[in-house]
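*Asks:* Taken in sequence, the protein lines are chains A and B.
If you read the first sequence in the working numbering, its first letter stands for residue 1, the second for the next number, and so on.
If you read the second sequence in the working numbering, its first letter stands for residue 1, the second for the next number, and so on.
Hints are supplied without guarantee of correctness; some may be wrong.
[What the hints assert, rightly or not] Label pairs and their calculated CB-CB ranges:
{"hint": "1", "chain 1": "A", "residue 1": "E71", "chain 2": "B", "residue 2": "T94", "range": "24 to 34 Å"}
{"hint": "2", "chain 1": "B", "residue 1": "G172", "chain 2": "A", "residue 2": "G153", "range": "53 to 63 Å"}
{"hint": "3", "chain 1": "B", "residue 1": "G131", "chain 2": "A", "residue 2": "P154", "range": "36 to 46 Å"}
{"hint": "4", "chain 1": "B", "residue 1": "T94", "chain 2": "A", "residue 2": "D281", "range": "54 to 64 Å"}
Don't read these hints as lab results, they were simulated from the structure.
By construction, the Cβ of each residue, glycine as well, lies at the ideal position given by its N, Cα and C atoms.
Chain residues, written in single-letter form:
Number of protein chains: 2
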Amino acid sequence: MTAGGATPKTVAVLSGGVGGAKLVLGMSREISAERLLVVANTADDFKHLGFHISPDIDTLIYTLANLANNEHGWGRANESWSFMEALEVLGGETWFNLGDGDLAMHVERTRRLTAGESLTDVTAALADALGIGVKILPMTDDRVTTIVETTTGPLMFQHYFVRERCEPEVRGFRFDGIQDARPNPGFIDALRSGRIGAVIIAPSNPFVSVDPILDLPGIRAALNNMNGPVIAVSPIVKGSAIKGPAAKMMRELGIRANVSAVAQHYRGLVDIIVIDEADRDFEEQIRALGIDVLVTNTVMRTLEDRRNLARFCLGAI
Amino acid sequence: MTAGGATPKTVAVLSGGVGGAKLVLGMSREISAERLLVVANTADDFKHLGFHISPDIDTLIYTLANLANNEHGWGRANESWSFMEALEVLGGETWFNLGDGDLAMHVERTRRLTAGESLTDVTAALADALGIGVKILPMTDDRVTTIVETTTGPLMFQHYFVRERCEPEVRGFRFDGIQDARPNPGFIDALRSGRIGAVIIAPSNPFVSVDPILDLPGIRAALNNMNGPVIAVSPIVKGSAIKGPAAKMMRELGIRANVSAVAQHYRGLVDIIVIDEADRDFEEQIRALGIDVLVTNTVMRTLEDRRNLARFCLGAI
Numbered sequence: 001m002t003a004g005g006a007t008p009k010t011v012a013v014l015s016g017g018v019g020g021a022k023l024v025l026g027m028s029r030e031i032s033a034e035r036l037l038v039v040a041n042t043a044d045d046f047k048h049l050g051f052h053i054s055p056d057i058d059t060l061i062y063t064l065a066n067l068a069n070n071e072h073g074w075g076r077a078n079e080s081w082s083f084m085e086a087l088e089v090l091g092g093e094t095w096f097n098l099g100d101g102d103l104a105m106h107v108e109r110t111r112r113l114t115a116g117e118s119l120t121d122v123t124a125a126l127a128d129a130l131g132i133g134v135k136i137l138p139m140t141d142d143r144v145t146t147i148v149e150t151t152t153g154p155l156m157f158q159h160y161f162v163r164e165r166c167e168p169e170v171r172g173f174r175f176d177g178i179q180d181a182r183p184n185p186g187f188i189d190a191l192r193s194g195r196i197g198a199v200i201i202a203p204s205n206p207f208v209s210v211d212p213i214l215d216l217p218g219i220r221a222a223l224n225n226m227n228g229p230v231i232a233v234s235p236i237v238k239g240s241a242i243k244g245p246a247a248k249m250m251r252e253l254g255i256r257a258n259v260s261a262v263a264q265h266y267r268g269l270v271d272i273i274v275i276d277e278a279d280r281d282f283e284e285q286i287r288a289l290g291i292d293v294l295v296t297n298t299v300m301r302t303l304e305d306r307r308n309l310a311r312f313c314l315g316a317i
Numbered sequence: 001m002t003a004g005g006a007t008p009k010t011v012a013v014l015s016g017g018v019g020g021a022k023l024v025l026g027m028s029r030e031i032s033a034e035r036l037l038v039v040a041n042t043a044d045d046f047k048h049l050g051f052h053i054s055p056d057i058d059t060l061i062y063t064l065a066n067l068a069n070n071e072h073g074w075g076r077a078n079e080s081w082s083f084m085e086a087l088e089v090l091g092g093e094t095w096f097n098l099g100d101g102d103l104a105m106h107v108e109r110t111r112r113l114t115a116g117e118s119l120t121d122v123t124a125a126l127a128d129a130l131g132i133g134v135k136i137l138p139m140t141d142d143r144v145t146t147i148v149e150t151t152t153g154p155l156m157f158q159h160y161f162v163r164e165r166c167e168p169e170v171r172g173f174r175f176d177g178i179q180d181a182r183p184n185p186g187f188i189d190a191l192r193s194g195r196i197g198a199v200i201i202a203p204s205n206p207f208v209s210v211d212p213i214l215d216l217p218g219i220r221a222a223l224n225n226m227n228g229p230v231i232a233v234s235p236i237v238k239g240s241a242i243k244g245p246a247a248k249m250m251r252e253l254g255i256r257a258n259v260s261a262v263a264q265h266y267r268g269l270v271d272i273i274v275i276d277e278a279d280r281d282f283e284e285q286i287r288a289l290g291i292d293v294l295v296t297n298t299v300m301r302t303l304e305d306r307r308n309l310a311r312f313c314l315g316a317i
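Using the sequences and the hints, build the whole thing.
*Replies:* Structural data, given as C-alpha cells:
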C-alpha cells in the first residue's frame with residue numbers, strides 16, 4: 001500500500017466472539033494475512049467436562065474457516081448432537097452445548113495443552129489445520145477468568161452467559177489472575193517495537209471481551225505509546241447490542257446504553273470511535289470527550305457489510 | 001431355585017469384552033440381577049485423547065443396555081462419526097474409533113474419575129443411568145495395564161489390538177501394576193465369605209481378558225478355597241477364536257490352538273470346562289487333565305443361543 005518499498009505495518013484487532021469475528025473476516029478479505037494480527041479474549045475460557053474451552057478463539061477460527069454456525073453465533077454449522085443426547089441419558093452436565101464436530105476442537109486443544117503446548121501454539125496448530133492464514137493470538141497463555149458479579153453472587157462468565165442466560169443482574173466484573181498474567185509476547189512485543197501501525201477494537205462487549213485484553217499488565221501503556229491510532233468500533237447501535245448482553249449490562253451498571261457511553265468507557269485510550277449512521281446524533285457528545293468520530297454502517301449482516309466496515313476502518317488509519 | 005428358603009448364592013462371571021458380554025446377557029435373562037455378579041477385565045483400559053477408556057466395561061454396558069453394535073463388536077449401534085471426522089481434519093489421533101454417542105461414556109467416566117470417584121462407583125452410575133440392573137464390577141479400581149510382548153517390542157494392548165490390528169507376533173504378556181493392585185472387594189470379599197456359589201469364566205481371551213483377573217493378588221487362592229465350582233467356557237471352537245486374536249496368540253506362543261490347550265491353561269483352577277459339540281473329540285484328553293468336560297453348543301449367534309448357553313452353565317452348577 002505504501003510506495004517506496006517500506007513494509008506496511010501490521011493491523012491488530014482486539015476481538016471477542018461473534019462481532020469481532022465478523023470484522024476480522026472482513027479484514028481478512030481486505031488486507032493480506034501477514035498484515036493482520038488478531039488478539040483474542042481468553043478470559044471467558046473455562047474447563048468444562050474436562051475440556052479447555054476457548055469460546056472466542058473457536059468463534060474466530062470457525063468464522064475464518066467458514067465453518068461457523070451463523071444462526072447460533074457459536075459452534076459449527078451442520079452440526080450433529082449425538083454426544084449431548086447420550087450425555088444427557090448418562091446424567092452428565094448438558095447446559096453447555098457441545099456439538100459432535102465441535103468436540104474435536106476441545107479434545108485436541110485439551111490434549112495438546114496437557115502435553116505441555118502453550119495456548120498460542122495450540123491455537124496456531126488448530127487454525128493451520130483448518131487452512132487459516134490469519135494469525136490468531138490468545139491475549140495471554142496464562143489463566144485469566146472473568147467473574148461476573150451479580151446481585152445473586154459471583155458467576156464464572158459461561159455460567160452467567162450460557163447457563164443463566166444473562167438473567168442475573170450485573171454489579172461488576174473482575175478478571176481473576178490478570179495481575180499475574182503475561183500478555184501474549186507476539187502482541188505486546190510487536191506493539192512496543194513499533195511493528196503494529198494501528199489497533200482496532202472490534203465491536204465486541206467492552207466489559208467482558210475487550211477489557212480483559214486491555215487490563216493485562218502493560219497493554220494500556222503500550223497502546224498509549226504506540227505510534228498509530230487506536231480505533232474502536234462501537235458494539236452498541238441505537239441503544240442495543242447487535243449480539244449479547246452489553247446493553248443489558250450497561251443499564252444494570254447504571255450507564256446509558258449508547259455509543260456515547262462506549263466512547264466514555266474507552267476514553268483516554270482510543271483516538272477514533274466508529275459509530276453507526278443511526279447514532280449520528282451522538283457525534284458532538286463524543287467529540288467533546290476528545291475522541292474523533294467516524295460514521296458508517298456498522299451492522300454486519302452480509303460478507304459485503306463486513307468487508308465494507310473493514311475497509312472503512314483501514315481507511316481511517 | 002433351592003427349596004426351604006435358603007438364599008440362592010451369587011454366580012460370578014469373569015468377563016472380557018464381546019464373548020463375555022454375550023454370555024452375561026444370556027445369564028441376565030436366566031437368573032435375577034441380584035444373583036449375578038460380573039467381574040470385568042480392566043487391564044486393557046487406557047488413556048486416549050485424555051479419556052479413561054474401559055473397552056470391556058463399555059462392551060458389557062452397551063450389550064446389557066441393548067445399545068451395542070453387534071456387527072463391530074465394540075461401540076454403539078446407530079452411531080454417528082462427526083467427532084472423528086473433525087478430529088482427522090485437525091490432525092488428531094484417529095486410530096481408535098470413538099463414535100459421537102460413545103464419547104459421552106468416556107467423557108462422563110473421565111469427569112467422574114477426575115472428581116475422585118472410584119471406577120467401581122463410576123461404572124455403577126453409568127450402568128444405572130442406562131437401566132442395567134446387573135452389577136458390573138471392574139476387576140480392580142487400581143491401574144493394571146496389559147503389555148503385549150511382541151517380536152517388534154512391547155505394545156500396550158489397544159495399540160497391539162486396534163492400532164496394529166493384532167499383526168505383531170506375540171511372545172508373551174505382562175500386566176503392569178498387577179502386584180500392587182487390590183482386587184475389587186465386592187468380588188474377593190464375596191468369594192471369601194462364601195456368598196458366591198459358582199464362578200463362570202466367560203468365553204473371553206484367556207491371556208488378555210481372563211488372566212489379568214485371575215492374576216490379581218489373592219484371586220486364585222480365593223477361587224481354590226471357594227465352596228463351589230469354577231466353570232470355564234472355551235473361547236476356542238474348532239481351533240479358532242469366535243472373535244479376536246486368541247487362536248493366533250496361541251499359535252505364536254507355540255501352543256496348539258484347541259480346547260485342550262485352553263483346559264491346560266486353566267488347569268488347577270477350573271473344575272469344569274464347557275466345550276462346543278464340534279470339539280467333542282477333545283473330551284478324553286481334557287478329562288485326563290483332571291478337568292470335567294461338558295459339551296454343548298457354545299457359539300452364540302442369537303439371543304436364544306446366549307440364553308441356552310447360560311442355562312447350560314447354570315445347570316452345571
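*Asks:* May I ask which of the numbered hints given earlier this structure violates, with the numbers listed in increasing order?
*Replies:* none
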